[in-house]
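Just so you know, the sequences run in chain order L and P.
Here the numbering used here is used: the first residue of the first sequence is 8, the next is one more, and so on.
Here the numbering used here is used: the first residue of the second sequence is 8, the next is one more, and so on.
Check the hints yourself; a few may be wrong.
Copies of the same chain look alike in the list, so a pair counts if it fits in one copy or across any two.
Calculated pairs, DSS-like style, for lysine-lysine (alpha carbon to alpha carbon, straight line, at most 27 angstroms) [stated by the list, open to error]: (1) K51 - K26; (2) K27 - K79; (3) K27 - K51; (4) K56 - K34; (5) K56 - K71; (6) K34 - K79; (7) K34 - K77.
Just so you know, these hints were derived from the structure itself, not from any lab.
Protein chains: 2
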Amino acid sequence: MAVIPMWMCDRDNSMHESKKEADAHDKLLELAEQFTMLMEENLKGVDEKQAEEFGLLLARNKDKVVQACKGKPDALNDLLVEDGAKVTPTKAAKK
Amino acid sequence: MAVIPMWMCDRDNSMHESKKEADAHDKLLELAEQFTMLMEENLKGVDEKQAEEFGLLLARNKDKVVQACKGKPDALNDLLVEDGAKVTPTKAAKK
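For reference, chain L alone in the conformation it holds in the complex (with noise of 0.2 angstroms):
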């Protein structure tokens, strides 16, 4: 059978076809991070699950966020609709 190399992001032991694709989804990471941990330091008691959902939220959409600082606030308009209601927390919540 076939061997087929794969590429590992040891940010979450995600695996990726291509070292570009790998590289791609660190970098995302990365920045989700950032943002989280600038959350965290500056948002007192923020629930972390939510801050590292959020931080996601705005990596996962930096072309977005780049628009809407760049003077184009209501870009981030796009992303009270269309992410709106994906970002919930992935565990079901404990009943």
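Since chain L is already given, all that's left is putting chain P on it; use the hints.
Frame of chain L, contents of chain P only:
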């Protein structure tokens, strides 16, 4: 006595000596509000005051946010040190 034209930004009733300055201030507040709205939608139960101040922190440092999104995530590190301490609730916490 002289009468001097001033420009008021109606988002926070701040007064500015030039239209350019007032416009820049208005854009800053608009960007801050967008970040804050996004936060309040995604961080259920986040403290409103903190969300407002964090929105302002990002808006005030939008150049660093753009740098981070464009491949230099550690640009946000400067905000951890530089602004980290300054973002304290404006009114002293009641004892």
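A quick look at each hint next to the structure:
1. For a Cα distance limit of 27 angstroms, the shortest separation of K51 from K26 qualifies neither inside one copy, at 37 angstroms, nor across copies, at 36 angstroms.
2. Taking the shortest alpha-carbon separations for K27 and K79, only the inter-copy value of 17 angstroms comes in at or below 27 angstroms, while the best intra-copy value is 30 angstroms.
3. With identical chains, the CA atoms of K27 and K51 are never at most 27 angstroms apart, being 36 angstroms at best within one copy and 35 angstroms at best between copies.
4. With identical chains, the CA atoms of K56 and K34 are at most 27 angstroms apart within one copy only, with a shortest distance of 20 angstroms there and 31 angstroms across copies.
5. With identical chains, the CA atoms of K56 and K71 are at most 27 angstroms apart both within one copy (23 angstroms) and between copies (24 angstroms).
6. Proximity of K34 and K79 under a CA criterion of 27 angstroms is satisfied in both settings, with 24 angstroms inside one chain copy and 9 angstroms between copies.
7. Within a single copy, K34 and K77 get their C-alpha atoms as close as 21 angstroms, and across copies as close as 10 angstroms, so both meet the 27 angstroms cut-off.
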